[in-house]
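Enquirer: The lines below spell out each chain.
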Amino acid sequence: MEDNYLTMDLLRFTTAGSVDDGKSTLIGRLLYDSKSIFEDQMEAIEKASKQKGEENVNLALLTDGLRAEREQGITIDVAYRYFATPKRKFIIADTPGHIEYTRNMVTGASTANLAIILVDARNGIVEQTRRHSFIASLLGIDHIVYCVNKMDLVNYSQQTFSSIKEELKTFSSKLRTKDISFIPISALKGDNVVNRGKNMEWYEGSTLLHTLENIHIASDRNLIDCRFPVQYVIRPQNDKFHDYRGYAGRIEGGVFKKGDQVMVLPSGFSSKIKSIDTFNGEIEEAYSPMSVALTLEDDIDISRGDMIVRKNNSPSPEQNIDVMLCWLSTTPLQPGGKYAIKHTSKDARCMIKNILYKVDINTLHRIEEDKKIEANDIARVSLRITQPLFIDSYSSNKATGSIIIIDEATNNTVGAGMII
Amino acid sequence: MKNYNLSHLEELESESIYVIREVAAQFERPVLLFSGGKDSIVCYHLARKAFYPSSVPFPLMHVDTGHNFDELYQFRDQLMKDTNGRLIIASVQNSIDKGKVVEEKGINASRNKLQTTTLLDAIEENKFDCAMGGARRDEEKARAKERFFSHRDDFGQWDPKNQRPELWNIFNGKKHFGEHFRVFPISNWTEMDVWQYIKKENIAIPTLYLSHNRDCFERDGVIMAKTDFVQTK
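Chain order of the listed sequences is A and B.
With this note's numbering applied, the first sequence corresponds to residues 1 to 420, in that order.
With this note's numbering applied, the second sequence corresponds to residues 1 to 233, in that order.
Just chain B, same shape as in the assembly:
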């Protein structure tokens, strides 16, 4: 008799495709957050699978700190070109120029925290009602209880008391005007699942992930790469 089993990667893939299709069906203006990192690359790959042979029915958005490796920008632009992706760039530099956020100072200055304002502004400007992202529950303990469909109020905030129960695979994306959702299609994937899937599907990733020679320095026990955006002492 034929074996009607799915492997764990096939089952996870099917679940994620199901979630992405729910987003396209339940929301009017969804967007896929895309950082060029492996998790968002996998999400985009799953989105392409979900709507084949049609193109992906929503744009991608890169909240760009402006402090990325050149390889990443090249990779991102080439991927969009090869797959006909529609990319919106929400620039942290613009938020700084407009005075919405202030650049951090000192040698550990980072633009990571500034991204939130840029993201929320871009969601509002583009009238997005759902932003999908590649966050996973196994990333840290605090994420272990996050939903697939995570509700945000009209200030874009996560209210723990207002998170909806999720049973079976029935997702409730109903919302009031001005509210939006964050949806995490690969919630149930682990780091290992992501790497195994990249290998199985032969998905292109920035060569930065692979071993190579690079100028580095050490600070507080962390080995960091030398780039134009990191100040050495």
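Next up, chain A with everything else stripped away, as it sits in the complex:
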């Protein structure tokens, strides 16, 4: 086995499109043309396609196979799929296009580096295109790739692509996402997905797979503001490590180095990093998103929910926060209601103090008359927390800028908030 797998990196992306935009076919095409399908899987779908009397092998069957029984009634149904090329491993968060769309896409987008938004070349921008774009932007996705699909049905017309592209450009200039690309494709025929094909020689840009393989994601992480939420305290009860106290967690921002001056929140005590420990030995520095254990020079009382930061760069302690809240539950949000809240490794309770406005996700307009928040709604909401949380804005740090809200009667996760 060659050793290039040691230097491959990981890209997580989400796919969005309306019901008949060809999303499943596109994913099937990516998996098939990148040779990620086992022979027996391929034989099975060839057989199934023939049985249905279809002319081509239906690549959508690679992901659509089990729509029936087991999947029915799953309220959030984001399906995760995997493939790899010699350059990168890819995780696809595949969200369904139907009506329950918002909460599914929000879930899928929350961990994605990139969003593929499908546009039907015959229809151009539709309501869903705006909605998908807005959600991708709201969730802080750094890269959007618009795939103008079904180019085969518009005779691979350059003019059609250009006018859709111009329209998308005008519209997307309002989004927070700055890296946006446009690719004319036919998922059905394979043009510009993995291989270029011969039908659109006028197109000089990259294929979709080439874009996915080469898009620069390393600088999307925040390597400036050091944030280390403590997950767990490691205290070995043995002679060799008798006085050892290691603070285990994942670095959610910045670079921590041995010898750094740090501050512990909420106590405010200062200390120095004595060591950064891993199973494979001590390391000199650690950065996001590494999971490590820190030890400090001084004996300070630190527990789960605390945060270790750099001395002159700390998140602000806030008991009143404003969030853009996506409501996930079929039970509407209770104004004035009390809920459990999770922020990094910290648990607290909160009260819904005020609903400022609801967002019309098709137009981005604020709705101030109707403040009833139901499943799939997105609203700006003020919360009062029982104790201060150490927060950053979501736009500067996704980990320290996000919360989930839990119904205390059912223990269900009912809301997802991005701190403003």
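Derived by calculation from the structure, the hints in this document are not laboratory data.
In this text, a Cβ means the ideal position worked out from N, Cα and C, and glycines have one as well.
Heads up, a few of these hints could be off.
From chain A, some residues computed to sit far from chain B (all C-beta separations above 12 Å) [stated by the list, open to error]:
hint, residue
1, Asp152
2, Asn195
3, Ser382
4, Thr386
What follows is a list of derived Cβ distance ranges for each label pair [to be verified]:
hint, chain 1, residue 1, chain 2, residue 2, range
5, B, Glu179, A, Leu153, 42 to 52 Å
6, A, Asn280, B, Asp70, 26 to 36 Å
7, A, Leu153, B, Glu218, 46 to 56 Å
8, B, Lys199, A, Arg176, 22 to 32 Å
9, B, Ile205, A, Arg366, 50 to 60 Å
10, A, Asp40, B, Cys216, 12 to 22 Å
11, B, Glu179, A, Lys50, 44 to 54 Å
12, B, Arg214, A, Asn195, 53 to 63 Å
13, A, Glu127, B, Glu179, 36 to 46 Å
14, A, Arg122, B, Cys216, 48 to 58 Å
15, B, Lys199, A, Gly53, 39 to 49 Å
16, A, Leu6, B, Ile205, 17 to 27 Å
Place chain B on chain A using the hints.
Expert: Leaving out everything else, chain B in the frame of chain A:
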């Protein structure tokens, strides 16, 4: 300038360690299911990494059909000895002896289905509130939507309507009395990732995985090994 990138295996490893630490922090009595297969061996390796230099703060549990290769038992016991692992054995044979399940009959008889009862009984007896396992989403299409934290009701059942949304990496392990969770730390790994990681970390696996000579026979197109537990026609 220094390159602050992680490889895909490093990123997956970090994610899994994060999940395992969440389990130790959020649950009172977690357990790691251990079959001696490569996925559970990788999970145990990750658990050891997560709490180093401490020992793993939860036991392992082998739901043992009693129908395993001898090599596997030797491997399992040696690994526990070398790493100071605490192993609980939940025996399918015991469930049969107690009359809780009935052995299948015929030449294709298997104890695979019987394991569920043994597992649920063992979870209840030991009062475990979370059972971690090495299942992966890429194993089959039906698993593609499974959560990292999968909720089970007080009958140990998976209710599709009651699965919680999982956003970012905030995991909600809150539960009512009697309910428990299944947690899958290597959800995002593929078969290939597991093998690459075993190679990279030089993790010991049972030699059964490696090519060797063995007496086999064919049934319905499947090549099977001859063992004491497979009836030949």
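Enquirer: Please check whether A/Asn280 and B/Asp70 have a Cβ separation lying inside 26 to 36 Å.
Expert: With a Cβ separation near 33 Å, A/Asn280 and B/Asp70 satisfy 26 to 36 Å, so the hint holds.
Enquirer: Does the beta carbon distance between B/Lys199 and A/Gly53 stay inside 39 to 49 Å, or does it fall outside?
Expert: holds (45 Å)
Enquirer: Could you see if the CB distance from A/Asp40 to B/Cys216 stays within 12 to 22 Å?
Expert: Cβ of A/Asp40 to Cβ of B/Cys216: about 20 Å, so the range 12 to 22 Å holds.
Enquirer: Hint says 17 to 27 Å; check whether the CB-CB distance for A/Leu6 and B/Ile205 agrees.
Expert: holds (19 Å)
Enquirer: Classify the label on A/Thr386 as holds or violated, using whether its beta-carbon is more than 12 Å from each beta-carbon of chain B.
Expert: holds (16 Å)
Enquirer: Quick one: are B/Ile205 and A/Arg366 within 50 to 60 Å, going by C-beta?
Expert: holds (58 Å)
Enquirer: Was A/Asp152 rightly flagged as not at the interface, with every chain B Cβ beyond 12 Å?
Expert: Its Cβ never comes within 12 Å of chain B, the nearest being 27 Å, so this holds.
Enquirer: 44 to 54 Å was suggested as the range; check whether the CB atoms of B/Glu179 and A/Lys50 agree with it.
Expert: At 46 Å between Cβs, range holds.
Enquirer: Indicate whether the distance between the beta carbons of B/Glu179 and A/Leu153 respects the range 42 to 52 Å.
Expert: holds (50 Å)
Enquirer: So the hint says 36 to 46 Å: do the beta-carbon atoms of A/Glu127 and B/Glu179 match that?
Expert: At roughly 40 Å between Cβ atoms, B/Glu179 and A/Glu127 fall inside 36 to 46 Å, so the hint holds.
Enquirer: Does the Cβ-Cβ separation between B/Lys199 and A/Arg176 fall within 22 to 32 Å?
Expert: violated (41 Å)
Enquirer: That 53 to 63 Å hint for B/Arg214 and A/Asn195 (C-beta), does it hold up?
Expert: 43 Å Cβ-Cβ, so the 53 to 63 Å window is violated.
Checked against the numbered hints listed earlier, the structure breaks hints 8, 12; every other hint is satisfied.
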